[in-house]
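**Student:** Residues per chain, in single letters:
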Amino acid sequence: MPVKRADKTPMPVREPEMRARDFEEVNEGYCFSHAMFEAERCLRCQDPVCIDGCPVRVPIADFMHAVAAGDMHKASEILRTANPLAAICGRVCPQEAQCEMKCHMTKRFGPVAIGHLERYVSDWEMAQPLNDEVAKPWRDEKVAIIGSGPSGLVCAGELARLGYHVTVYEALHAPGGVLRYGIPEFRLPNSILDWEIASLERLGVEFVNNVIIGKTIKLDDLFSEMGYSAAFIGTGAGLPKFMGIPGESLNGVYSANEFLTRINLMQAFEFPQAETPLKVGGRVAVIGSGNTAMDAVRSALRLGAEHAMVVYRRSENEMTARIEEYEHAIEEGVEFHWLTNPIEVLGEDGWVTGLKCMRMELGEPDDSGRARPVPIEGSEFVFPVDNVVLSIGTRPNPLLSRATPGLKTHSWGGLLVDERQVETSVHRVYAGGDAVTGAATVILAAGAGKKAAEAIHSDLTADTA
Amino acid sequence: MVKILEKCQLTPITKLYRVDAPLIAKAARAGQFVIVRVREGGERIPLTITDYDAEQGVITIVVQEVGATTRRLAELEVGDHILDMVGPLGEAPDIPSGGHIVGVGGGYGSAALLCLMRELSDRGEKTTIVMGAREKDLLILADELGEICDHVEICTDDGSAGFKGFVTERLQEMIDGSPPGRPDYVIAIGPMPMMRAVEKTTAAAGIDTTASLDPLMIDGTGMCGGCRVTVGGEVKFACVDGPFFDAHEVDFDEAVSRSKMYVKEEQKAAACQRSAREVA
Ligand SMILES: Cc1cc2nc3c(=O)[nH]c(=O)nc-3n(C[C@H](O)[C@H](O)[C@H](O)COP(=O)(O)OP(=O)(O)OC[C@H]3O[C@@H](n4cnc5c(N)ncnc54)[C@H](O)[C@@H]3O)c2cc1C
Ligand SMILES: Cc1cc2nc3c(=O)[nH]c(=O)nc-3n(C[C@H](O)[C@H](O)[C@H](O)COP(=O)(O)OP(=O)(O)OC[C@H]3O[C@@H](n4cnc5c(N)ncnc54)[C@H](O)[C@@H]3O)c2cc1C
Ligand code: SF4
Ligand code: SF4
Ligand code: FES
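Just so you know, the sequences run in chain order A and B. So the first sequence is numbered by this note's numbering: it starts at 1 and just counts up by one. So the second sequence is numbered by this note's numbering: it starts at 466 and just counts up by one.
Because the hints were derived from the structure by calculation, they are not lab data. Be aware that a few hints might be false.
[Unchecked claim] The calculated lysine-lysine pairs, modelled on DSSO-like cross-linking and capped at a C-alpha distance of 27 Å, are:
id : chain 1 : residue 1 : chain 2 : residue 2
1  : A       : 241       : B       : 701
2  : A       : 356       : B       : 725
3  : B       : 491       : A       : 218
[Claimed, not checked] Okay, the calculated beta carbon distance ranges per label pair:
id : chain 1 : residue 1 : chain 2 : residue 2 : range
4  : A       : 465       : B       : 700       : 45 to 53 Å
5  : A       : 365       : B       : 522       : 57 to 65 Å
6  : A       : 270       : B       : 466       : 18 to 26 Å
[Said to hold, decoys possible] Chain B regions said to be covered by chain A (calculated; three or more residues, Cβ under 8 Å):
id : segment
7  : 484-498
8  : 507-517
9  : 552-562
10 : 675-689
11 : 717-730
Ideal Cβ placement from N, Cα and C applies to all residues, glycine included.
Put together the whole structure using the sequences plus the hints.
**Tutor:** See the structure below:
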């Protein structure tokens with residue numbers, strides 16, 4: 001007799017009418033009974049395939065076991081050993097395409113809410129009192145981390161645990177990479193990121209903001225003058241693409257990076273107390289369908305747009321955003337225009353007034369295996385809009401590679417790495433995350449940071465042997 | 466945090482600071498800039514590296530008060546700290562050798578030309594600076610530039626010092642043969658309308674000209690695209706591809722329009738700052 005199993009425990013959320021007006025977190029998090037109930041749903045499978053869906057192989061079954069037993073201390077230890085950024089990944093991993101997709105429960109009852117439970121346990125951990133002792137590095141070697149996104153943070157933490165002197169250099173005035181300037185507070189509060197950074201500081205990691213490697217300090221100088229034994233490049237893929245259509249430089253057109261940076265890094269939502277302005281009119285069109293597009297369009301709503309719309313040339317099936325963000329966006333009143341391709345931004349007196357688009361239909365699959373959108377002849381029409389936000393992807397930033405002749409890249413800008421997938425063309429300079437793969441995910445970046453730390457440790461150990 | 470070591474008032478609205486920034490001073494090259502943030506919640510604004518001393522670990526910046534952030538910065542005194550400073554940003558310009566090189570500066574632009582012109586003079590070029598201001602009291606660093614350049618041509622709108630008229634009028638005279646003679650290469654730094662006028666003047670005479678564009682910026686690392694300008698029909702990011710561009714290729718109409726994007730907000734920020742001050 002099959003046991004009757006309940007559906008996935010829903011995440012408590014704030015009411016759409018309320019939350020779409022402010023930047024407070026949308027998800028409220030499980031309470032203890034939710035967590036116990038949900039952990040009980042896990043079958044503790046003999047073949048826990050869920051783990052194959054996780055890029056850092058969190059031992060999910062063991063973790064569930066600890067949660068179900070109410071041993072949050074043990075659960076958090078299991079989690080943190082595998083994934084140093086669990087509080088963040090529980091919130092932003094595309095679970096439906098990773099761990100939860102593989103889960104045996106998924107087909108019949110809906111997956112075990114692995115992400116929600118990771119969030120629950122991490123939030124529990126963050127609520128525990130801290131000892132504010134700072135660990136002292138015990139090895140002689142120093143390692144420089146370039147960029148403080150998830151790949152850099154994880155690499156730094158792993159190396160500090162191994163006893164290295166670790167310094168994280170960040171170009172901006174605050175650490176975190178996309179976690180700081182890209183993903184908004186309503187999905188990932190800065191306080192969570194701050195807690196993660198504070199824990200790294202307690203491990204002995206030193207953070208230096210306002211330093212651009214390649215500009216302020218040359219990569220070579222880290223070795224020759226400053227005595228570092230190795231460096232890790234986690235500079236991300238922050239260079240925004242533009243479409244190359246007429247009107248893109250009109251006032252009121254933003255890259256999603258600029259739009260979100262003004263909000264998240266510069267707190268434009270507190271203007272004029274915070275001094276960085278942002279122009280958000282009544283009608284905002286965001287072009288693209290990834291997480292960045294969802295973040296931008298939902299931020300536009302929160303800043304007062306009456307019509308916040310997503311315009312995408314493919315269909316809903318090809319959308320790349322996390323499913324939860326898409327559902328939240330619909331609940332909040334975001335309008336979706338699928339199979340619609342922008343061909344021109346229209347303007348008057350230098351300001352955006354409209355977005356001219358063509359209707360599309362899906363044709364044969366293209367190189368990426370997705371159905372190719374084909375324009376429908378004569379279907380041009382205009383959306384009247386006040387803002388256009390371009391969220392059509394980013395590329396690795398060439399700043400460091402341009403300044404460092406020996407550092408080789410692919411033609412699309414990604415850093416070349418060796419067969420181990422960690423070391424660049426410069427000896428003892430490693431790389432990982434979006435700078436190597438192109439725009440990807442937090443957990444892939446975190447995994448790359450971890451892998452690089454292991455390689456750095458083994459190479460430096462071999463060097464000194 | 467960057468400590469202010471020296472402060473000097475150049476005009477009622479212009480301050481010069483020497484600040485303790487050893488890494489920037491060591492890496493800096495003439496024509497590059499920094500981005501600063503003065504307080505928590507404050508804007509990030511670009512400022513040219515007016516001068517740098519790698520040995521002492523000091524850089525010089527000159528700030529002209531135009532709005533909320535520059536005003537806040539101008540209030541800082543010796544011993545105070547600037548919250549954040551990152552740099553050096555942008556690329557140093559590639560100025561061809563041989564010939565008469567003329568720097569044209571307006572507003573903070575004359576200061577921004579200081580170490581660039583010195584480098585060119587040291588390289589053995591014939592150098593002239595044409596500097597303009599509304600009136601005599603608003604001229605900055607004329608003496609310092611005088612020591613560096615072969616010739617200094619001062620222009621004031623009201624004729625209170627030097628030539629009476631715009632820098633472009635004096636430039637035109639030089640092009641027409643008036644001493645110190647026709648420029649072979651022009652570098653323009655100053656308000657957008659001035660740079661545009663210089664470009665018009667030199668275009669007609671077929672003289673190569675570079676302009677240091679000053680669009681709105683945030684990160685200064687190529688991450689936001691807010692600083693984009695159209696040059697020769699191509700979109701460029703001024704913070705990483707510039708700030709110097711071939712002036713004859715720049716779409717100035719677009720650049721001017723984009724620089725006015727937040728005029729209303731800038732007034733609001735300034736008003737907010739004033740009312741906060743009155744309460745205090
Ligand atoms: C808006 C947005 C939403 C997203 N949402 C999700 C999501 O929900 N789930 C998910 O899994 N992924 C999401 N992603 C993708 C994810 O954030 C990235 O894949 C991830 O952050 C990449 O990490 P990283 O360590 O490679 O670099 P980044 O996070 O890009 O950080 C790189 C850092 O390096 C700094 N830097 C660059 N050059 C230098 C230099 N020369 N010297 C010093 N510092 C330098 C940069 O300033 C930056 O802080 C999102 C991305 C965006 C933009
Ligand atoms: C590469 C570069 C180098 C610069 N070097 C210097 C320098 O050495 N010294 C100096 O005093 N200023 C310099 N500027 C200009 C300076 O960045 C602006 O004056 C400053 O951002 C204004 O900020 P605010 O908050 O005080 O004024 P806001 O309230 O933001 O603006 C007030 C007025 O200034 C104008 N303005 C705003 N931003 C800019 C800008 N980026 N450029 C020109 N005008 C602007 C506005 O249109 C408005 O009319 C430079 C700009 C760039 C891009
Ligand atoms: S880290 Fe992400 S993919 Fe891995 S188990 Fe956790 S939520 Fe799933
Ligand atoms: S596959 Fe699903 S049910 Fe099985 S152990 Fe993993 S999370 Fe639990
Ligand atoms: S200032 Fe952001 S890209 Fe230039």
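**Student:** Count residues of the segment 507-517 of chain B with a Cβ under 8 Å from any Cβ of chain A, then say if the count reaches three.
**Tutor:** holds (count 3)
**Student:** Within the segment 675-689 of chain B, is the number of residues with a Cβ closer than 8 Å to a Cβ of chain A three or more?
**Tutor:** holds (count 6)
**Student:** How does the Cβ-Cβ distance of residue 365 of chain A and residue 522 of chain B compare with 57 to 65 Å: does it lie in that range?
**Tutor:** holds (59 Å)
**Student:** Check whether the Cα positions of residue 241 of chain A and residue 701 of chain B lie no farther apart than 27 Å.
**Tutor:** holds (12 Å)
**Student:** Examine the segment 717-730 of chain B for residues whose CB is less than 8 Å from any CB of chain A, and state whether their number is three or more.
**Tutor:** holds (count 7)
**Student:** Keeping to a limit of 27 Å between CA atoms, is the pair of residue 356 of chain A and residue 725 of chain B held or broken?
**Tutor:** Judged against 27 Å, a Cα distance of about 25 Å means the pair holds.
**Student:** For the pair we were handed, residue 491 of chain B and residue 218 of chain A, check the Cα-Cα distance against 27 Å.
**Tutor:** Between residue 491 of chain B and residue 218 of chain A the Cα gap is close to 11 Å, so the pair holds against 27 Å.
**Student:** Lying within 45 to 53 Å: is that true of the beta-carbon distance residue 465 of chain A to residue 700 of chain B?
**Tutor:** holds (51 Å)
**Student:** Lying within 18 to 26 Å: is that true of the beta-carbon distance residue 270 of chain A to residue 466 of chain B?
**Tutor:** holds (23 Å)
**Student:** Using a Cβ cutoff of 8 Å, are there at least 3 residues of the segment 484-498 of chain B near chain A, or does the coverage claim fail?
**Tutor:** Answer holds; 3 residues pass the 8 Å Cβ test.
**Student:** Under a C-beta cut-off of less than 8 Å, do 3 or more residues of the segment 552-562 of chain B approach chain A closely enough to confirm the stated coverage?
**Tutor:** holds (count 3)
Checked against the numbered hints above, the structure violates none of them.
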